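Protein chains: 2
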Amino acid sequence: MDVTRSNFKQTIPLILDAIDKSAFLSIDTELTGLQTSKNMSYRVFDSLQQRYSKFKDSASNFQILQYGICTFELQDDKKLLAKPFNFYLFPRSNELLKTDLVFSCQSGSIDFLVNHNFDFNKTFYDGIPFMSQEEYSIKKEFVAQERDDIILNEKDEDFVLPQLTSIENWLQTKENNNWKLEINNAYSRRLLYQEVKKKFNGFVQLEKSMVGGKTFLEAKCLKIEDKSLETIKKDNYLNELDEQFGFSRIIKEIINKKKIVVGHNLLLDICHTYQKFIGQLPNDVGEFKSTLNENFPLILDTKYIAKSKLAAEIESTHLGDLFEITNKLVKDDDLLIKCCDGFNQYSEDSNKFHEAGYDAYCTGSAFAKMMFSLSKKENISMADTLKQNYLLSYSNKFNLMSSIIDSFNVTESESKVFKIKQLAISATKNNVFLLTDFVEPMNHSQIVETIPSEVGKVMFTHSIDSNNAV
Amino acid sequence: MDVTRSNFKQTIPLILDAIDKSAFLSIDTELTGLQTSKNMSYRVFDSLQQRYSKFKDSASNFQILQYGICTFELQDDKKLLAKPFNFYLFPRSNELLKTDLVFSCQSGSIDFLVNHNFDFNKTFYDGIPFMSQEEYSIKKEFVAQERDDIILNEKDEDFVLPQLTSIENWLQTKENNNWKLEINNAYSRRLLYQEVKKKFNGFVQLEKSMVGGKTFLEAKCLKIEDKSLETIKKDNYLNELDEQFGFSRIIKEIINKKKIVVGHNLLLDICHTYQKFIGQLPNDVGEFKSTLNENFPLILDTKYIAKSKLAAEIESTHLGDLFEITNKLVKDDDLLIKCCDGFNQYSEDSNKFHEAGYDAYCTGSAFAKMMFSLSKKENISMADTLKQNYLLSYSNKFNLMSSIIDSFNVTESESKVFKIKQLAISATKNNVFLLTDFVEPMNHSQIVETIPSEVGKVMFTHSIDSNNAV
Chain A
104 MDVTRSNFKQ
114 TIPLILDAID
124 KSAFLSIDTE
134 LTGLQTSKNM
144 SYRVFDSLQQ
154 RYSKFKDSAS
164 NFQILQYGIC
174 TFELQDDKKL
184 LAKPFNFYLF
194 PRSNELLKTD
204 LVFSCQSGSI
214 DFLVNHNFDF
224 NKTFYDGIPF
234 MSQEEYSIKK
244 EFVAQERDDI
254 ILNEKDEDFV
264 LPQLTSIENW
274 LQTKENNNWK
284 LEINNAYSRR
294 LLYQEVKKKF
304 NGFVQLEKSM
314 VGGKTFLEAK
324 CLKIEDKSLE
334 TIKKDNYLNE
344 LDEQFGFSRI
354 IKEIINKKKI
364 VVGHNLLLDI
374 CHTYQKFIGQ
384 LPNDVGEFKS
394 TLNENFPLIL
404 DTKYIAKSKL
414 AAEIESTHLG
424 DLFEITNKLV
434 KDDDLLIKCC
444 DGFNQYSEDS
454 NKFHEAGYDA
464 YCTGSAFAKM
474 MFSLSKKENI
484 SMADTLKQNY
494 LLSYSNKFNL
504 MSSIIDSFNV
514 TESESKVFKI
524 KQLAISATKN
534 NVFLLTDFVE
544 PMNHSQIVET
554 IPSEVGKVMF
564 THSIDSNNAV
Chain D
104 MDVTRSNFKQ
114 TIPLILDAID
124 KSAFLSIDTE
134 LTGLQTSKNM
144 SYRVFDSLQQ
154 RYSKFKDSAS
164 NFQILQYGIC
174 TFELQDDKKL
184 LAKPFNFYLF
194 PRSNELLKTD
204 LVFSCQSGSI
214 DFLVNHNFDF
224 NKTFYDGIPF
234 MSQEEYSIKK
244 EFVAQERDDI
254 ILNEKDEDFV
264 LPQLTSIENW
274 LQTKENNNWK
284 LEINNAYSRR
294 LLYQEVKKKF
304 NGFVQLEKSM
314 VGGKTFLEAK
324 CLKIEDKSLE
334 TIKKDNYLNE
344 LDEQFGFSRI
354 IKEIINKKKI
364 VVGHNLLLDI
374 CHTYQKFIGQ
384 LPNDVGEFKS
394 TLNENFPLIL
404 DTKYIAKSKL
414 AAEIESTHLG
424 DLFEITNKLV
434 KDDDLLIKCC
444 DGFNQYSEDS
454 NKFHEAGYDA
464 YCTGSAFAKM
474 MFSLSKKENI
484 SMADTLKQNY
494 LLSYSNKFNL
504 MSSIIDSFNV
514 TESESKVFKI
524 KQLAISATKN
534 NVFLLTDFVE
544 PMNHSQIVET
554 IPSEVGKVMF
564 THSIDSNNAV
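Keeping their order, the protein sequence lines are chains A and D.
Numbers 104 to 573, taken from this note's numbering, label the letters of the first sequence in order.
Numbers 104 to 573, taken from this note's numbering, label the letters of the second sequence in order.
One thing to keep in mind: the hints can contain errors.
Since the list gives no way to pick out one identical chain from another, each pair is judged satisfied if it fits inside one copy or across any two copies.
Claimed, not checked - 25 Å max Cα-Cα, derived SDA-like pairs, lysine to any residue:
(1) 225 x 202
(2) 500 x 275
(3) 311 x 327
(4) 277 x 431
(5) 141 x 238
(6) 479 x 286
(7) 326 x 305
(8) 336 x 211
(9) 490 x 204
(10) 300 x 267
(11) 479 x 320
(12) 201 x 154
(13) 302 x 163
(14) 182 x 150
(15) 141 x 197
(16) 242 x 222
(17) 141 x 163
(18) 201 x 217
(19) 201 x 211
Keep in mind that the hints were calculated from the coordinates and are not lab data.
Quick caveat: nothing in here was measured; it's all calculated off a predicted structure.
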């Protein structure tokens, strides 16, 4: 189901209900770009912190144009009902809220979307707005100005009370000139704002003015119409703020309901999800892991599971292949996955790859079939398979592309076989690395085994001592 | 006329002919954004260098999605024939050329284009590519590798000649093993590449390999098919390079033909034009002025002309108003401007503002009518009005928005009434400025007159000495 700004509001109940009923849900994103510069391209020897920093840079600069969510409801132990939603997103500017986002596009990524028939007009004309929870809170606080009242001490009262009396007198006599006082101290002004608002129930408003380096407060008596205008303005602001929060409400629901989230090679999608809908990604990878875990306690990466747990059955973990292979591995008779009426009737022949809703559907389907296949041997029901207890050993580990590190483990600290340092021997020899801090002694062939084939030929020219190798 | 990648090639002759025949041409751009951050917003007291740096930042980060060019051909002294072209641009990525541009978008600017019915799909799916002359030259040189040959001295020959003989022997005996030699010196390798290529007419190719820190050259005998494959690859590269140069060819033609270029408030358009189609904008505003002048010797800004030369007749210089007012100021009987058959039949009622071709048309029309109005008093023919001699006093001066500086003058150095320095007195008093280096003594009211009304109230709190004011 395509969801745009035009039908978002009316579709919210359907979306929330689908999330609520789901055993798990899968996600996917379509992005405006991947790498802001050549420095940000992945290197096989990236440390976990380096790789995460590249993801953070990407998620901070590029935009999500389409967000796919597919919910999967367990109907009986042999049947899952899928509801794929395809959200078009765009963070419109808003004058009242002072939002006007600058984001990056990479022409190669735009070309990629063009090759998969992406409708840019739909996203720019009719995309659903969004705003991170963090920004939403700041803006809400800004308008509410819910600062705690200062409790007046004796000295404060000595200053404030005579002024209140003076304003009261002015109100009663209604002289032509407004009540006006020079107050150069900011604290004194704040006291007076606070107490005038309380005493006159908002009908007297103090306005600041500066003349010749001096600061004055001037009292203005609001008419009933003016006062309601103030309230209307505030209501407008809050309404627009809620509207701008938009799609983030859906992500908030997934977090609140502690739903199981599935994705294919999804670390970058998750970084984008965090940055766009929760708040600024932290700089430190350790901090990211813990705060991610608080928000999404159970994330599963189908690429990681396929590679690490079902390598014998699954020769290619490309999403298209994985979807096809898992459909052959587990037949419909054993586990039927069907799209709900009223939703896009995706199937194996749909071939809508890189439409976020379809990719989410394929990912969730492959996940369910892989888990069925894994738990079958242990004779565990599908309902129990999809519970936290069973999933725990597969969860919170992400596949890492082009990396010597086998996975990004959210709940454990970085596994250290050895540390790798790039040696700056000379500008032309930038593929020379120092391996150091070995956990246990390793010989050359053991080291070579840890290095993925894509690195190419590895050569050891020197052994500095028993613990280091170059 | 809309021009996209689909019809660009076949339309080139028509475009070049229109440029060639034109008395002048007008331009306009539609952009993905204006300001990358709040720091880049315009301040009334920006120095010329500061303002230019903001324009450079904008032109370096944002993209042109649509470029309008309208040529105006003088048919007789009372008639101009307009040919408005509306180019959709997009710098596709190209694997062979290794181009993959990252650019910025500002959501407010996207919203602006949405409000004017911009077709994003047309630009992303079918935009004409482009590449700056600078980048084109670098890439062309890269494939040509036209390094001058080294002239061999006696010592060089002593090294090279025995190797050539050795390779010749190997070629004749055709042993199983390839000819191979350890050569660790880069200069020696270059000599051998050069002489082997010459002697064997490209049929023997040397390939470098490194083993255990040693460098080897290995000779490979190319078959006729392989050799032509090399040539085909190079031809492919050059063809793709020319294709990617795309729209830049049109700008190059305008530069080569030294055409008169007209725009409305066009300094930012000109910065984009320079950055995208000529090369990196220089950092220094003075350098920009001189290199801009070399490329475009005669640029005219309709907003500057309207404000500075026809202020009495033209009360609003907004493009829509200017177009309407100039159409009333100079009737069709005096000067008829007509769109050529086969082109969009723009007229006063078209209301296609912010379609680049239409804005260019309106700008050119307003320009012609203003110049008619200005030269009429002097009884000068339209043909003579549109010549360099007459236009010189109006040209190469750009309007500057929200600025104390009245214009950006390309051919003169910055006029200094006084220098303005922002005083960092305190974080809360950031509107305090030091005026210094007065060219001639000015009193308070004279200074106030130089400050545009949009600055708001100006107050002088101290006079430090006769030459400085705060």
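So, going through the hints one by one against the coordinates:
In the homo-oligomer, the alpha carbons of residue 225 and residue 202 lie at most 25 Å apart inside one protomer (21 Å), although the nearest pairing across protomers, at 27 Å, exceeds that limit. In this assembly of identical chains, residue 500 and residue 275 lie within 25 Å of each other by CA distance neither inside one copy nor across copies; the values are 71 Å within and 60 Å between. For a Cα distance limit of 25 Å, the shortest separation of residue 311 from residue 327 inside one copy, 22 Å, qualifies, whereas the shortest one across copies, 87 Å, does not. Taking the shortest Cα distances, residue 277 and residue 431 never come within 25 Å of each other, neither inside one copy (87 Å) nor across copies (53 Å).
Taking the shortest alpha-carbon separations for residue 141 and residue 238, only the inter-copy value of 17 Å comes in at or below 25 Å, while the best intra-copy value is 30 Å. Proximity of residue 479 and residue 286 under a CA criterion of 25 Å is satisfied in neither setting, with 78 Å inside one chain copy and 62 Å between copies. Taking the shortest alpha-carbon separations for residue 326 and residue 305, only the intra-copy value of 10 Å comes in at or below 25 Å, while the best inter-copy value is 92 Å. In this homomeric assembly, residue 336 and residue 211 come within 25 Å of each other (Cα to Cα) only across copies, at 22 Å, whereas the closest approach inside a single copy is 44 Å.
Within a single copy, residue 490 and residue 204 get their C-alpha atoms no closer than 40 Å, and across copies no closer than 45 Å, so neither meets the 25 Å cut-off. With identical chains, the CA atoms of residue 300 and residue 267 are at most 25 Å apart within one copy only, with a shortest distance of 11 Å there and 97 Å across copies. Taking the shortest Cα distances, residue 479 and residue 320 never come within 25 Å of each other, neither inside one copy (76 Å) nor across copies (58 Å). Only between protomers do residue 201 and residue 154 lie at most 25 Å apart by alpha-carbon distance; the minimum there is 23 Å, versus 33 Å within a single protomer.
Proximity of residue 302 to residue 163 under the C-alpha cut-off of 25 Å is found in neither arrangement, the shortest distances being 47 Å within a copy and 55 Å between copies. Within a single copy, residue 182 and residue 150 get their C-alpha atoms no closer than 42 Å, and across copies no closer than 70 Å, so neither meets the 25 Å cut-off. Within a single copy, residue 141 and residue 197 get their C-alpha atoms only as close as 33 Å, which misses the 25 Å cut-off; across copies the closest is 15 Å, which meets it. For the homomeric pair residue 242 and residue 222, neither the shortest alpha-carbon distance inside one copy (32 Å) nor that between copies (33 Å) is at most 25 Å.
When the C-alpha separation of residue 141 and residue 163 is checked against a cutoff of 25 Å, the pair qualifies both within a copy, at 16 Å, and between copies, at 17 Å. Taking the shortest Cα distances, residue 201 and residue 217 sit within 25 Å of each other only across copies (19 Å), while inside one copy they are farther apart (32 Å). In the homo-oligomer, the alpha carbons of residue 201 and residue 211 lie at most 25 Å apart only across protomers (10 Å), although the nearest pairing inside one protomer, at 31 Å, exceeds that limit.
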